[in-house]
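Asks: So the chains spell out like this:
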Amino acid sequence: MSREAIADSSFLIDWSRYSRREVLTRLFNVVHVPESVLREIQLPPAIDWVAEKLAEGSFTLFTETPDIEAKARELMALSRSKPLKAIDYPEAVCLAAGLRFGYVVLSENGGAYFAPRVLGLGVVVWRAFETIVEAWRRGLLQDLVDELRRYEQEAVHLFRRRDWEHVWSLVGMR
Amino acid sequence: MGACMESSWDEVEARELRRRYANWQFIQQLPPKLRAALIYYIETGDLRRAQQLSGLDLDNFRELMRRARVPLVN
Chain B
1 MSREAIADSS
11 FLIDWSRYSR
21 REVLTRLFNV
31 VHVPESVLRE
41 IQLPPAIDWV
51 AEKLAEGSFT
61 LFTETPDIEA
71 KARELMALSR
81 SKPLKAIDYP
91 EAVCLAAGLR
101 FGYVVLSENG
111 GAYFAPRVLG
121 LGVVVWRAFE
131 TIVEAWRRGL
141 LQDLVDELRR
151 YEQEAVHLFR
161 RRDWEHVWSL
171 VGMR
Chain C
1 MGACMESSWD
11 EVEARELRRR
21 YANWQFIQQL
31 PPKLRAALIY
41 YIETGDLRRA
51 QQLSGLDLDN
61 FRELMRRARV
71 PLVN
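From first to last, the protein sequence lines stand for chains B and C. Counting in the numbering used here, the first sequence runs from 1 upward without gaps. Counting in the numbering used here, the second sequence runs from 1 upward without gaps.
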């Protein structure tokens, strides 16, 4: 797995509310934040946390180059012809950069999450769910069920039954 | 509306969760544009389209969802 990630607004806005949010900077050497994503983040706690992480260097600003912009617009156009929830420019930039540089894409956008399967893209997209599971696998979080429930409560975010069934299978294996 | 890669069972479950947790009294008192956008999200789960309908940026739309107790489910 890449030790670099690129995050969109939907991920950062929710993740910044999680009291164990610092685990993200232990999972990845660096988290890239596109300029178009940064423009969308307006309110605390997300704006304060992202500014803090940019200042300390665990996040870095990702400037969209013409080829990434072109790929992002291509993905947006492609997504409109498929059975997929809307993908807008900031998350399309994340997908394009993930494809180009092999970054893990962090997103809570349903369109971006299903894009690899629907559009046949060779890119890994994680929601908070996969991020927390991976942190637990690496021993960065202790109790997987407690952490997922904490995230649900703190971010006003619910995981689905199939996600919980996956959790029960993982916990049962330990 | 909003057909996507998710199975219809997953879509039904997610919609039910959003409907069940939502504070409908709060939602009904909102201005029409914000009310319509939240209901669109509850029914379809399409965050981007709902945000665009609201006229808010994503951060403020997510804040509105929290105030209305509408969970993000994906």
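What the hints contain is simulated information worked out from the structure, not anything from laboratory work. All C-beta atoms, glycine included, are put in the ideal place defined by N, C-alpha and C. One thing to keep in mind: the hints can contain errors.
What the hints assert, rightly or not - Across the chosen pairs, the derived CB separations fall in these ranges:
1. W164(B) x R66(C): 18 to 24 Å
2. Q142(B) x P32(C): 44 to 50 Å
3. E165(B) x R15(C): 34 to 40 Å
4. G57(B) x R15(C): 30 to 36 Å
5. D57(C) x P66(B): 23 to 29 Å
6. R161(B) x N60(C): 26 to 32 Å
7. W164(B) x D57(C): 29 to 35 Å
Asks: All the hints need checking, so say for each whether the structure fits it.
Replies: Hints, verified against the model:
| no. | hint | result |
| --- | --- | --- |
| 1 | W164(B) x R66(C): 18 to 24 Å | holds, 22 Å |
| 2 | Q142(B) x P32(C): 44 to 50 Å | holds, 47 Å |
| 3 | E165(B) x R15(C): 34 to 40 Å | violated, 19 Å |
| 4 | G57(B) x R15(C): 30 to 36 Å | violated, 42 Å |
| 5 | D57(C) x P66(B): 23 to 29 Å | holds, 25 Å |
| 6 | R161(B) x N60(C): 26 to 32 Å | holds, 30 Å |
| 7 | W164(B) x D57(C): 29 to 35 Å | holds, 32 Å |
Taken one by one, the earlier hints fail for this structure at numbers 3 and 4, listed in ascending order.
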